[in-house]
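Asks: Starting from the known structure of chain A, fit chain B onto it as the hints suggest.
This is what each chain is made of:
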Amino acid sequence: MKKFSKANENSRQSGRLTFSFFPGCSLKASGHENTMSLLKFCDSVNIELKELEDWNCCGSSSAHSVDQNVAKKLPMRNISLAPKGIPLLIACPSCLIRIKSMYLKIKKDKILKQEYENLWGLPFDEDLEIIPFFEIFNRIHLEDYIDHPKEKLKKLKVAPYYGCMLSMPPDLRFEKSYFGIMEQTLSKLGADIISFGYGARCCGTYLSVAKPQIAQKVVNEIVLKAMEAGAECLVTACSMCHLNLEIRCSLENPIPVLHFSELLSMALGAEDQKKWFPRHIVDPVPLLKKRGLLTQTFFASNTKL
Amino acid sequence: MINQDEGRQTLADEIKASSGINFNACLHCKTCANGCPFLEGMDYAPNAVIRLIQFGMEEEALKCSTIWVCVGCNTCSSCCPMAIDIPAVMDGLRHKALEKGVKIAEPDVLNFHTEVLNTVKKYGRTHKLEIMMRYKLKKMDFFSDMGVGLKMLKKRKLDLTPSKVQDKKAIEKIFKGK
Chain A
1 MKKFSKANEN SRQSGRLTFS FFPGCSLKAS GHENTMSLLK FCDSVNIELK ELEDWNCCGS
61 SSAHSVDQNV AKKLPMRNIS LAPKGIPLLI ACPSCLIRIK SMYLKIKKDK ILKQEYENLW
121 GLPFDEDLEI IPFFEIFNRI HLEDYIDHPK EKLKKLKVAP YYGCMLSMPP DLRFEKSYFG
181 IMEQTLSKLG ADIISFGYGA RCCGTYLSVA KPQIAQKVVN EIVLKAMEAG AECLVTACSM
241 CHLNLEIRCS LENPIPVLHF SELLSMALGA EDQKKWFPRH IVDPVPLLKK RGLLTQTFFA
301 SNTKL
Chain B
1 MINQDEGRQT LADEIKASSG INFNACLHCK TCANGCPFLE GMDYAPNAVI RLIQFGMEEE
61 ALKCSTIWVC VGCNTCSSCC PMAIDIPAVM DGLRHKALEK GVKIAEPDVL NFHTEVLNTV
121 KKYGRTHKLE IMMRYKLKKM DFFSDMGVGL KMLKKRKLDL TPSKVQDKKA IEKIFKGK
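Those protein sequence lines, which keep their order, are chains A and B. FYI, this note's numbering numbers position 234 of the first sequence as 234, with every residue one higher than the one before it. FYI, this note's numbering numbers position 66 of the second sequence as 66, with every residue one higher than the one before it.
Please note: incorrect hints may appear among the correct ones.
[Claimed, not checked] Where chain B lies over chain A, by a calculated footprint (3+ residues, C-beta under 8 Å): (1) 25-34; (2) 58-67; (3) 160-168; (4) 210-216; (5) 279-286.
[Unchecked claim] Subject to a maximum C-alpha distance of 20 Å in a straight line, what follows is the list of computed PhoX-like cross-link-like pairs (lysine-lysine): (6) LYS16(B) - LYS100(B); (7) LYS164(B) - LYS50(A); (8) LYS151(B) - LYS274(A); (9) LYS154(B) - LYS275(A).
Just so you know, these hints were derived from the structure itself, not from any lab. Small disclaimer: the values here were computed from a predicted structure and weren't measured. From the three backbone atoms N, C-alpha and C, an ideal C-beta is built for every residue, glycine too.
Okay, chain A solo, but in the shape it has when bound:
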């Protein structure tokens, strides 16, 4: 169990961070294990997430592809819903690009700002801070919440996979970069980082539905390269990537794909993995069991998966 000194405990109390939270459709409706472990993690590091009330879809890839009007207004409404003075944390990397990009456009363009204000009858919040999940690691000191962090992940060989989430369109080019944040964090927690050349290769997103043969080729390549490099599992920080790497992989014995949030929560002592892992297509339990990463509680209350 975690132990904290008095001083540490006090700083934890006072340092509680609050963010409004935009989950996005992928997390809300298909990546439940990602949402559950993400909320659990935030709770363990003293972060309060308040779900953005009545948020809507950011428009995804489809709106900007075929309907400019909708692509403009869907993110606008989400921006209008964000409470003042609290940073808006967007868990899905693709929603982040859509919403942040629109936010910066409105900020620069007077006509667009007027349109926004007419549409929602609200003044545009010039100071809204829109941040990705990764920003958390710049705002907390993870080691404060964990004893002997280096012993937590027991040299599990992980291949961090970012997909397209670090690639930014030119208008977001000079925003903060989060390259290496999964490597840094997971290695602090005692995992062995496996470098492979395909960590920033896009997973194919919706081509998985519309052009499955293209997606399958890309996905197989990513998983195979990670395996060849000696990884025991892939780690993703995007629900969509996770889904594609699992459903479109046709290799014979693929390695499991874990959510970054699952590994974080496990390192912080979460014990509700039995709610997460049955939702994985490639079962991570044998690997984690072999590595001694599952607690007694997991087996006691989990007779059959």
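Replies: Showing chain B alone in chain A's frame:
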């Protein structure tokens, strides 16, 4: 420099107006093409699409498969030495293709986008199960990929009921205007 017919608004001007992109900035260094994970599925490389626009070859540009295969992952625009927003060029060409009613090279992709937006219009959020079912229905193809669908249902990756926005009026307002 390519001479464009005077007095006639070319495709390049139109796309420039909608996306703010200066096509003369492209060096044709092919960084975009070499980095693109989906190049094999495209008929023209991304820089070749820009070339078509520079040459004013409108029909070829609007009818090519590249504009539909591109998913906008920004791999190309992140490393473009001239910071050209290539996915925005693809967006502009897709809009133009739909506006002009040309033959769409990848109808499946368009079908998918349409079904996604249908569920967003209905619920304010996407509903994966409905998107998949309607997509398949329109394609009249129920059996390919059946295994993946069943696997997703079994692992509860497809929620049966949609997650909905309460303020239906706001969503109507979004879809009504232009």
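Asks: For the pair supplied as a hint, LYS154(B) and LYS275(A), confirm whether the alpha-carbon distance does not exceed 20 Å.
Replies: Given that 20 Å is the threshold and the Cα spacing comes to 14 Å, the pair holds.
Asks: With a cut-off of 8 Å between beta carbons, are at least three residues of the stretch 279-286 of chain A near chain B?
Replies: holds (count 3)
Asks: Check, residue by residue, whether the stretch 25-34 of chain A contains three or more positions whose beta-carbon lies closer than 8 Å to a beta-carbon of chain B, and give the verdict.
Replies: holds (count 6)
Asks: Between LYS16(B) and LYS100(B), is the straight-line Cα distance small enough, at 20 Å or below?
Replies: holds, 17 Å
Asks: Would you say the stretch 58-67 of chain A counts as covered by chain B, given the rule of at least 3 residues with C-beta under 8 Å?
Replies: Three-residue rule met by the stretch 58-67 of chain A, so holds; n is 9.
Asks: Can you tell me if the stretch 210-216 of chain A counts as covered by chain B, using C-beta to C-beta distances under 8 Å and a minimum of three residues?
Replies: Result for this restraint: holds, n = 4.
Asks: Are three or more residues of the stretch 160-168 of chain A within 8 Å, CB to CB, of chain B?
Replies: holds (count 5)
Asks: Between LYS164(B) and LYS50(A), is the straight-line Cα distance small enough, at 20 Å or below?
Replies: Distance ~18 Å between LYS164(B) and LYS50(A) Cα, so the pair holds.
Asks: Measure nothing beyond the straight line between the CA atoms of LYS151(B) and LYS274(A); if it is 20 Å or shorter, mark the hint as holding.
Replies: Within the cut-off at roughly 19 Å; holds.
Hint compliance for this structure: every hint is met.
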